[in-house]
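For reference, the chains in residue letters:
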Amino acid sequence: MPTPRKKTSLALFIGGMTCAACVRHVEGALQTVPGVSMVTVNLATSRAAVEYDPSQATLADLKKAVEDMGYSASLDVDELSITGMSCAACVKNIERVVATMPGVSSVVVNLAAGTARVEYAPTVTPLPDIITAIGDIGYGAAEKIEGQAALDREQGARAEEIKKQKRSLIIAGTLGLIVMLGMFQPYWILADFVPAWMNNKVFLFFLTTPIVFGPGRQFFVNSWNGLKRGLTDMNLLYATGIGAAYLIAVINTFFPDTGFGGHDATFYEAAALLTVFIILGRYLEAVTRGRTSESIRHLMKLQPKLARVIREGIESEITAEAVLVGDIVAVRPGEVIAVDGVVTEGYSAVDQAMVTGESIPVEKKSGDEILGGTLNKTGAFRFRATRVGRETALGQIIRLVEEAQTTKAPIQKLADRVAGQFIAGVHAIALIVFVFWFFIGFEAWFTPDTRLILTPYVLTGLGVFGFALLTSVTVLIISCPCALGLATPSAVMAGSGKGAEYGVLFKGADAMEATARLDAVVFDKTGTLTKGEPSVTDVIGLENERNDILRLAAIAEKHSEHPLGEAIVRAYREKFGEPDDAESFEAVPGHGIIASIEDKFILLGNRRLMATNGVNIEALESEAARLESEGKTAMFAAADGKLLGIVAVADTLKATAARAVAELKKMGLKVFMITGDNTRTAAAVGRQAGIEDVLAEVLPQDKASEVKKLQSQGLKTAMVGDGINDAPALAQADVGIAIGSGTDVAKETGNVILVRNDPLDAVAAVQVGRKTLGLIKQNLFWAFGYNTLAIPIGMGVLYPFTHQMVSPELAALLMATSSLSVTLNTLRMRSFVPAVRREKAAA
Amino acid sequence: MKASVIYTGLSLIAAALFLLATLFGEYTAVERIGGAVWVFMLSMIILMPAVTSAVKKRSGG
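So the protein lines, in turn, are chains W and U. Residues are numbered in this note's numbering as their position in the first sequence, beginning at 1, plus a constant of 1353. Residues are numbered in this note's numbering as their position in the second sequence, beginning at 1, plus a constant of 743.
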């Protein structure tokens, strides 16, 4: 029996990708490495997820395959702080031990800084193993927060890309401007200002050549690397476009009689400006693309750098990463809390908006949980650290959002496929266009007054080959589907970050798209629509004051452990403070309470308790029936054998439940409620929430099959539940929305996680999902629309009527504009506020 | 190796067909050869990825 091959997976960070074709390029390169079974590349996050057999391929093989294509490849990089090093030998020791660990690509130890920078695959060797290995040889090592490192790396790579394109843009732009002035010297009023020698073709040759082989070199090198592996990308379109324009210009300069149009058709400015516009597009794209992930960057910035820890009675300031679970941390007013924990002493109000989206500061006292990254407002307090580093709520949220941003929405897979096939398609169109204009079009329609749009050029001297080639090159340039590659990932990044801002965490791009396409939402009742704990809803008195009835009931129930009794005591405490103690107290199981207070003999319980003690309840029987029909539990109160009134207790709706249901209905969704409660209680709660479709008396294990039934009716269904006993239903639903996960988001089941316990966030989730899908569709529309419109114009469809052609440089400008329009459209998400939250903020 | 022979061969055939077609019109040598080179280049670009992946699939890779 053959031994099954052990597969492993890792993430490579790819630098230098600019469009969807680059994605296919890198995917193709990695797939050619023996042993690689699965590759998924995400343009927006510049990450490649690779599954491979380590017995057949090494990390170096994977990196080389990517680097051979002209892109950079790196693994996860983490900084460790090292203690205990004293000399260069320590450096060598650590480096030797870490470098030989499987999955470690490189390690650089800095003695002066006391740090180690490790490039490694965490799926092969997790960071704790590296820390342990360093510890085993006698040094201390601690991890730097991963999210921050990732942010630094991403920012660094982006800054490098921006710097590179900026440098190219300055060189190409300056020279290109001079070339343009020289080319247009004889036209307009330029002849008065620009010296004639600047129009000399040899002079222009010397200016254009450094542009084509300097800043433009990247296109030729990258496309050649791709072609060697049988892969094509945008670079090839650019290279053929720039190369052809340059070549024609050179031939017409030095061999003007060869039939390419002579000195009148030296398109040096085409080659120069084409390069300038493409680089301008890349530069602007690099700048704006970074902004789409602003939300996640904002979250990462919340992670504080320092913490004041009390160890052995001494307060000292240390880095937040060095805080250990169990440490006591002191927090002063105005400080950002370093890690998660539980308050041990002190009192304050904490602004948690940045993590949970709650707009009002939350009061914190001893025993309350606090979150790292939140802002202490008023008081000073101390807390015991319970979760540190990447395990904090903020760390988990960041990780979840990052993971979501690396996934692909189903709609994107289609766009990727189209964009990938597009390159070959465009070249085929360019070939057809060339052949058509060469054999048919030129003879049929060419006139000597032919012009290039927006230029003073008259192409009188252009021969059949020059004309057909010019049209063919224009098609190549104008068709570039860069915008198509950016359309979806940029919107997903912006959408998932925006969701996180409002406490809505999508576990993937597919979850976002599914949320946007929902037809029905099923709410679990207890804990989702209702508060999940009973509270006093009504106090009805016969003759006595209602407050007096509540007081007697609270005294009777003070020492009760029954949830209904606790609700009565809580209601009294909230209004009047601590109730007195009863003189005597007896709980009668299944009946109620018998107590004596101030020489009164008090009964509080159901009909059976009253009947067995001879109390006539006829006067309030109809009220009790009414309350029960509303799903409430009615408890009769009597003193010395005489009926006083009724205290009704029920699990009440959350304040926002009815509004959430109404909003979802307004958005065209069907809303259901599912519960194990009896039909009467369920119907009563459903009525209050505004839900007509109530699925009552459903056992927890049967909730999933109820969801399945709705799906079988063709409804794309979301299940909103607490993620613990609703797990099977959450898993069955098209979108499982786990509500009120609070701070331990990583453990939650479900595709969408709502940090807070507010049903309105389910509405916000749908609104963010719909907005994101809307953005994706708009982006795809613009991208496809541009190509659909631009290609026929580039092909010269209008030429027989206008005798004007699109110049290659105008084509490049249009192409750059389309990418930019898509990115700018995505940036609109920055100001998006879900409608339910907008109204709340206004209120 | 096999794939490169196929796509180069097909591209050469496309360029040859182009050259052949130019014989029916009045074209200069530069136009004929320049056009054939351009047709060859575009054909190579179109066929390279398609033929490479088709050959790879057929050979079970």
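It is worth saying that the hints were derived from the structure and are not from the lab. Heads up, some of the hints might be wrong.
Stated by the list, open to error - The calculated DSS-like cross-link candidates involving lysine-lysine, where the alpha carbons are at most 30 Å apart (straight line), are:
| hint | chain 1 | residue 1 | chain 2 | residue 2 |
| --- | --- | --- | --- | --- |
| 1 | W | 1928 | U | 799 |
| 2 | W | 1519 | W | 1416 |
| 3 | W | 2018 | W | 1953 |
| 4 | W | 1360 | W | 1416 |
| 5 | W | 2018 | W | 1928 |
| 6 | W | 1416 | U | 745 |
| 7 | U | 800 | W | 1416 |
| 8 | W | 1360 | W | 1516 |
| 9 | U | 799 | W | 1416 |
| 10 | W | 1417 | U | 745 |
| 11 | U | 800 | W | 1360 |
| 12 | W | 1360 | W | 1417 |
| 13 | W | 1360 | U | 799 |
| 14 | W | 1417 | U | 799 |
What the hints assert, rightly or not - Chain U stretches covered by chain W per the calculated footprint, using a threshold of three residues with CB under 8 Å from any CB of chain W:
| hint | segment |
| --- | --- |
| 15 | 770-781 |
| 16 | 786-798 |
We put the CB at the ideal spot given by N, CA and C, even for glycine.
Here is what the structure says about each hint:
1. W:1928 x U:799: The given pair, whose Cα atoms are some 78 Å apart, is violated under the 30 Å limit.
2. W:1519 x W:1416: The given pair, whose Cα atoms are some 27 Å apart, holds under the 30 Å limit.
3. W:2018 x W:1953: 52 Å, violated
4. W:1360 x W:1416: 18 Å, holds
5. W:2018 x W:1928: 36 Å, violated
6. W:1416 x U:745: With a Cα-Cα distance of about 27 Å, the restraint between residue 1416 (chain W) and residue 745 (chain U) holds, given a limit of 30 Å.
7. U:800 x W:1416: Holds - the C-alpha atoms of residue 1416 (chain W) and residue 800 (chain U) are around 24 Å apart, at most 30 Å.
8. W:1360 x W:1516: 38 Å, violated
9. U:799 x W:1416: 22 Å, holds
10. W:1417 x U:745: 24 Å, holds
11. U:800 x W:1360: Holds, because 22 Å separates the two Cα atoms, which is no more than 30 Å.
12. W:1360 x W:1417: 20 Å, holds
13. W:1360 x U:799: 23 Å, holds
14. W:1417 x U:799: 21 Å, holds
15. 770-781: This one holds; 7 residues, not fewer than the three required, reach chain W with a Cβ under 8 Å.
16. 786-798: Per the Cβ count (9), the hint holds.
Going down the numbered hints, you'll see the structure goes against 1, 3, 5 and 8, while the others check out.
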